[in-house]
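Asks: One-letter residues, chain by chain:
There are 2 protein chains.
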Amino acid sequence: MTPIITAFERSPDGGKGLARDMHVRWALEEAGQPYDVRLLSFKAMKEPEHLALHPFGQIPTYEEGDLALFESGAIVFHIAERHAGLLPDDANARARAITWMFAALNTMEPPIFDRDLAKVLDRDEPWYEQRLSALEDSIRKRLSDLSSRLGDADWLDGAFSAGDLLMVTVLRRLQGSGMLEEYPNLSAYVARGEARPAFKRAFDAQLAVFTAASTG
Amino acid sequence: MTPIITAFERSPDGGKGLARDMHVRWALEEAGQPYDVRLLSFKAMKEPEHLALHPFGQIPTYEEGDLALFESGAIVFHIAERHAGLLPDDANARARAITWMFAALNTMEPPIFDRDLAKVLDRDEPWYEQRLSALEDSIRKRLSDLSSRLGDADWLDGAFSAGDLLMVTVLRRLQGSGMLEEYPNLSAYVARGEARPAFKRAFDAQLAVFTAASTG
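Quick mapping for you: the protein sequence lines, in order, are chains A and B. Heads up: the first sequence begins at 257 in the numbering used here, then just goes up one per residue. Heads up: the second sequence begins at 257 in the numbering used here, then just goes up one per residue.
Wrong hints could be hidden among the right ones.
[Said to hold, decoys possible] Covered by chain B, per the in silico footprint, the following chain A stretches (three or more residues, Cβ under 8 Å):
{"no.": "1", "stretch": "357-367"}
{"no.": "2", "stretch": "390-402"}
{"no.": "3", "stretch": "428-439"}
{"no.": "4", "stretch": "446-459"}
[What the hints assert, rightly or not] In silico DSS-like pairs for lysine-lysine, Cα to Cα no more than 25 Å straight-line:
{"no.": "5", "chain 1": "B", "residue 1": "Lys397", "chain 2": "B", "residue 2": "Lys375"}
{"no.": "6", "chain 1": "A", "residue 1": "Lys302", "chain 2": "A", "residue 2": "Lys272"}
{"no.": "7", "chain 1": "A", "residue 1": "Lys397", "chain 2": "A", "residue 2": "Lys299"}
{"no.": "8", "chain 1": "A", "residue 1": "Lys302", "chain 2": "A", "residue 2": "Lys456"}
{"no.": "9", "chain 1": "B", "residue 1": "Lys299", "chain 2": "B", "residue 2": "Lys375"}
{"no.": "10", "chain 1": "B", "residue 1": "Lys272", "chain 2": "B", "residue 2": "Lys299"}
{"no.": "11", "chain 1": "B", "residue 1": "Lys299", "chain 2": "B", "residue 2": "Lys456"}
{"no.": "12", "chain 1": "B", "residue 1": "Lys397", "chain 2": "A", "residue 2": "Lys397"}
{"no.": "13", "chain 1": "B", "residue 1": "Lys302", "chain 2": "B", "residue 2": "Lys375"}
{"no.": "14", "chain 1": "A", "residue 1": "Lys456", "chain 2": "A", "residue 2": "Lys272"}
{"no.": "15", "chain 1": "B", "residue 1": "Lys302", "chain 2": "B", "residue 2": "Lys272"}
{"no.": "16", "chain 1": "B", "residue 1": "Lys302", "chain 2": "A", "residue 2": "Lys375"}
{"no.": "17", "chain 1": "A", "residue 1": "Lys375", "chain 2": "B", "residue 2": "Lys397"}
{"no.": "18", "chain 1": "A", "residue 1": "Lys299", "chain 2": "B", "residue 2": "Lys272"}
{"no.": "19", "chain 1": "A", "residue 1": "Lys299", "chain 2": "A", "residue 2": "Lys272"}
{"no.": "20", "chain 1": "A", "residue 1": "Lys397", "chain 2": "A", "residue 2": "Lys375"}
{"no.": "21", "chain 1": "B", "residue 1": "Lys375", "chain 2": "B", "residue 2": "Lys272"}
{"no.": "22", "chain 1": "A", "residue 1": "Lys302", "chain 2": "B", "residue 2": "Lys397"}
{"no.": "23", "chain 1": "B", "residue 1": "Lys375", "chain 2": "A", "residue 2": "Lys397"}
{"no.": "24", "chain 1": "B", "residue 1": "Lys456", "chain 2": "A", "residue 2": "Lys397"}
Hints are computed from structural coordinates only; laboratory data are not their basis. Here a beta-carbon is modelled for each residue, glycine too, at the ideal position from N, C-alpha and C.
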């Protein structure tokens, strides 16, 4: 059965692959699992039909027969459990890879996401520079810790895993900020993720949606 | 083998059970799994010995023989996978329970955590009231969506699961704000979680640590 995911009809990131359907597209491409996409307008995301799938009215969702899931982390995990290549077989290594999934979404992402939000919502406030600077201090603390842990390894714990997939997608939000470049091993880590053929296929697929919406 | 978790020597929440060791203690109590606790000072959390266990220098960690984990979500999941009662057996129901775990930590928690942070860090800033109000608007949007989804059910999806455990721990951070009371089904949901004997044992255990530290 071909799973169906939802994505933005017109992503607010301008096709940079920062919306959360990218996490799921990338995981499906790593897994070699074909999928269909249903595109949603911002209006449709808040309508009862979509709220029945996603209680918070967001994207992505994942439908596969009787199963309907939301939350990109949970969807990536579901895919990773059912296909080779995203979670190690060894029980302890698997638990550690899952730890990095949660670390990406619950420790690294919040201040990075807040910075993106502040750049949109608070830009004209008199305290904008102060707020941005505080957020960037928090982000740098996390990046510094992550950089120390990664060291000169290719991936966070042995082979590439769903933990790396989520961490790379979270760190990509910092591109253009200059912060990632302060930690050369983290820049190289993100570049290593982006160089994976599955990443490229996922990226091109989301970009094609944006391009079609912009020229259509 | 008895697992060992780490917790604050003196929790900044004054024994309210809001620190993240509470998530893990509660899961271990639901699972009927005895555990040991190693208490850490704020200084010790940033020292190399602890950073080897937790790259971001936080609590909790979880050690069990050769395995060392961090991130409360990942630790709760590890416990839930190995013991009955925290994840359903049916594959689809299990995937949905895991979805609620990620939703608690990646969708509900960030604005709630930010509000707690703002109340400590930004209280004397000229823009404090504006920032607090914006955060509370975000939180109310999420609470409203969650309340609609929960309806008059006891738990988020069928029987109590690790998804409920994490959601209740996250919502407890709002106690005293008055916001939870705006959604009576969510207040009742949190109360239902707190009434579980395993919650009470976990709560009492973390409170005993705080009380000992305060009177010692």
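Asks: Return the numbers of the hints above that this structure violates; sort them in rising order.
Replies: Violated hints: 3, 4, 7, 8, 11, 12, 16, 18, 24; rest satisfied.
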